[in-house]
Amino acid sequence: MTNTEEQKPQKSPAEWVTFSAASFILAVIVGLVVYTWIEDKHEPPVLSVTNKTVREIKGQFYVPFEVVNTGGETAESVQIMAELQIDGKVAETGEQQIDFLSRGEKEEGAFIFSKNPRQGKLTLRVSSYKSP
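Take the sequence shown: its position 51, counting from 1, is numbered 51 in our numbering, and each next residue is one higher.
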């Protein structure tokens, strides 16, 4: 070896620790991206709606509900319909729209009726949605 050739300086322990920490963080991020890509469900939205206990306030009947997306993809413009039948005839209807529901998301709302839903048959259902 000649004197004109330069020797590369040795890396200090601090440089090795920093390099190792940065490499570990990068590996974790890449691993999470790969895991998310593999586990991503490419299934359509699966929407369900349930109603909760009816409550009466000042002559109006509030029917709280919860809508859940248990499917794989996001649903936009989710339409929820309520129909109250009393004595076999449609007495009142209601409609709600939720802007979007991503996978695993829940939204709550309420329908308000002037007639008591306990005296008839109340049906809540998801009527439509759009794919983003």
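Just so you know, the hints here were simulated from the structure itself, not pulled from any lab data. This structure is a prediction, so every number in the text was calculated from the model and none was measured. Ideal placement from N, C-alpha and C gives every residue a C-beta, glycine not left out. A portion of the hints provided could be inaccurate.
Once the Cα atoms are required to be at most 20 Å apart in a straight line, the calculated DMTMM-like pairs of lysine to aspartate or glutamate come out as [to be verified]:
no., residue 1, residue 2
1, Lys52, Glu95
2, Lys121, Glu66
3, Lys106, Glu56
4, Lys115, Glu76
The calculated label-pair distances, taken between Cβ atoms and stated as ranges, are [as the list claims (entries may be wrong)]:
no., residue 1, residue 2, range
5, Ile38, Gln60, 23 to 33 Å
6, Val17, Ser127, 18 to 28 Å
7, Thr36, Gln60, 42 to 52 Å
8, Met81, Ser131, 16 to 26 Å
9, Ala22, Val54, 52 to 62 Å
10, Pro132, Pro13, 47 to 57 Å
11, Pro132, Val17, 16 to 26 Å
12, Asp99, Gly72, 26 to 36 Å
13, Lys11, Lys106, 48 to 58 Å
14, Val34, Arg103, 17 to 27 Å
15, Met81, Lys106, 50 to 60 Å
16, Ser131, Thr50, 39 to 49 Å
17, Gly72, Val17, 37 to 47 Å
Now for the hints, and whether the structure bears them out:
1. Restraint check for Lys52 and Glu95: the C-alpha separation of about 17 Å stays at or below 20 Å, so the hint holds.
2. Distance restraint check for Lys121 and Glu66: the Cα-Cα separation of roughly 18 Å lies within the 20 Å cut-off, and the hinted pair is therefore satisfied.
3. The suggested pairing of Lys106 with Glu56 is violated, with an alpha-carbon distance near 24 Å, which exceeds 20 Å.
4. At roughly 31 Å between alpha-carbon atoms, Lys115 and Glu76 are farther apart than 20 Å, so this suggested pair is violated.
5. Between Ile38 and Gln60, the C-beta spacing of about 50 Å breaks the proposed range 23 to 33 Å.
6. Separation of Val17 from Ser127 is about 59 Å and departs from the stated range, judged on CB atoms against 18 to 28 Å.
7. For the pair Thr36 and Gln60, the supplied restraint of 42 to 52 Å holds, since their beta-carbon distance comes to about 45 Å.
8. Restraint check, Met81 to Ser131: a C-beta distance of roughly 20 Å satisfies the suggested window 16 to 26 Å.
9. A beta carbon spacing of about 58 Å between Ala22 and Val54 agrees with the range 52 to 62 Å that was offered as a hint.
10. A hinted range of 47 to 57 Å for the beta carbons of Pro132 and Pro13 is consistent with their spacing of about 50 Å.
11. Evaluation of the 16 to 26 Å hint for Pro132 and Val17 yields a failure: the beta carbon distance comes to about 44 Å.
12. For Asp99 and Gly72, the hinted distance range of 26 to 36 Å is not satisfied, since their beta carbons lie about 19 Å from each other.
13. Evaluation of the 48 to 58 Å hint for Lys11 and Lys106 yields a pass: the beta carbon distance comes to about 52 Å.
14. At about 19 Å, the CB distance of Val34 to Arg103 agrees with the hint of 17 to 27 Å.
15. The hint said 50 to 60 Å for the Cβ distance between Met81 and Lys106, and at roughly 18 Å that hint is violated.
16. One distance hint, 39 to 49 Å for the beta-carbon pair Ser131 and Thr50, is violated here, with the actual separation near 23 Å.
17. Separation of Gly72 from Val17 is about 42 Å and conforms to the stated range, judged on CB atoms against 37 to 47 Å.
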